[in-house]
Amino acid sequence: MKKDIVLRVVGKILIPFALMFALYVQFHGDFGPGGGFQAGVVLAAAVIFYGVIFGLAAARRAVPEALVESMVALGVLIYAGVGVAGLVLGGNYLDYFVLDHDPAHGQHRGIFWVEVGVAVTVSGVMLKIFYLFAGRGRGLEE
Amino acid sequence: MAFFGHFTYWATIFLLMAGLYIVIARGNLVKKLVGLGIFQTSVYMLYIAPGKLIGGTAPVVGPGFTVYSNPLPHVLILTAIVVGVATLALGLAIVVRIREAYGTVEEDELLEADVKDD
Amino acid sequence: MIETSAIAALLVLMAAVAVAIARSRNLFGVVVLAGAYSFLMATALAALDAADVAMTEAAVGAGISTVLLLGALHLVGSLEAKPAHNPAVPLVVVIVTGLLVVYGTYGLPAFSDPQAPIHRHVVPRYLEDGPRETGVPNVVTAVLASYRGYDTLGETTVVFTAGVGVIALLRRRRQQDRENRP
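Protein chains in written order, with my numbering: chain A, 20 to 161; chain B, 541 to 658; chain C, 35 to 216.
Quick caveat, the hints were computed from the structure, so don't treat them as lab data.
Honestly, I wouldn't trust all of these hints.
What the hints assert, rightly or not - The calculated label-pair distances, taken between Cβ atoms and stated as ranges, are:
| no. | chain 1 | residue 1 | chain 2 | residue 2 | range |
| --- | --- | --- | --- | --- | --- |
| 1 | B | Val583 | A | Arg27 | 35 to 43 Å |
| 2 | C | Leu133 | B | Val623 | 24 to 32 Å |
| 3 | B | Thr606 | C | Lys116 | 51 to 59 Å |
| 4 | C | Val127 | B | Arg637 | 24 to 32 Å |
Backbone N, C-alpha and C define an ideal beta-carbon position, used for all residues, glycine too.
All chains should be modelled from the sequences, with the hints used to inform the complete structure.
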């Protein structure tokens, strides 16, 4: 499909906007609809779009397998880490009030990191599943 | 308004039963998974429809709005949607492995192949 | 009036697409119809004021599910065999179950009733105190990440487990692959 000029040009215009939109949905999830899940899925969809147009090898060069596999686990670690941070700073597990000098700021910080953890895991899992399905029929040539 | 309330429930139950019919009456494993997805989607509708208040707005608190739709079913269904796609991915991975082991994904042929092996 | 008729029209379209999915034997067409079904569902959810859920359903149902199903169809083959059994028994079972469930829904709350029990216990507290206690105006995010944070931890773990499961099923060991090649 990489010989088709319409797909190449449209892809090169749309994919950066899709990545930017994923970041917007992630950080603006406090003030409007959005949040970690939607951002993770849009991020994975942008990279899948790149992989479908330019080939699986190009996608694997842009986002290597090792990075994706570590993202899968890193998100859950971040989420559980926020809980442990609450324990270490004197409150209960997943207590956000103790994370900052002020309970409302602590809540804000806790919600931010928790959403980052969710987005990282969801995007990593969706992308890894796509890599596995797309790479299955051809063996290990690339 | 009462009729419309009943109509939403009936339409949701029709979708529920359509999904169930696809799961039990069709033999192709991939189609069964699609039917399971339809079944799950109709349950989302069943949860979210009673939470709506006519004249309200999405549950994002802002100046000028006093009536909001119920946010609690939205939270439950967000979780359910993501779990649904996780289930679909695992189911499809198992179907791919079945195809590589048996050569087919039709339920009847799989049952025959298993009986013959025994 | 406009909202209720829009929701009714979308539900009727979704029912028609579901029937078409049941009857079609070309699996590629079934996957495209499933994507259309997800988009209709997302529109109906947006009409029901569920903005977060509509965005997630559109991204996940129409985006990721379609990609996964197409990837699986590429590996599995895209034509369904003719149904070998008489569809009468499943049809009867499904109709009887449907009628029972319809009888059950007469006990459920009416549409858009502010006095229904779901609007009266915990939810007024979330809507009033949520933005003040957490500093986040989007009540759905506040409930998801703060009030019901444990559930979201469990859900993230479920997604992680699904990823690990698919890796375990579809990973190829380099040794085996070299042996299996003719």
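Status of each hint after checking the structure:
1. B:Val583 / A:Arg27: 35 to 43 Å: With Cβ atoms ~41 Å apart, the hint holds.
2. C:Leu133 / B:Val623: 24 to 32 Å: Holds - the Cβ-Cβ distance for leucine 133 of chain C and valine 623 of chain B, about 29 Å, lies within 24 to 32 Å.
3. B:Thr606 / C:Lys116: 51 to 59 Å: Given a distance of about 58 Å, which is inside 51 to 59 Å, the answer is holds.
4. C:Val127 / B:Arg637: 24 to 32 Å: Check passed, 30 Å falls within 24 to 32 Å.
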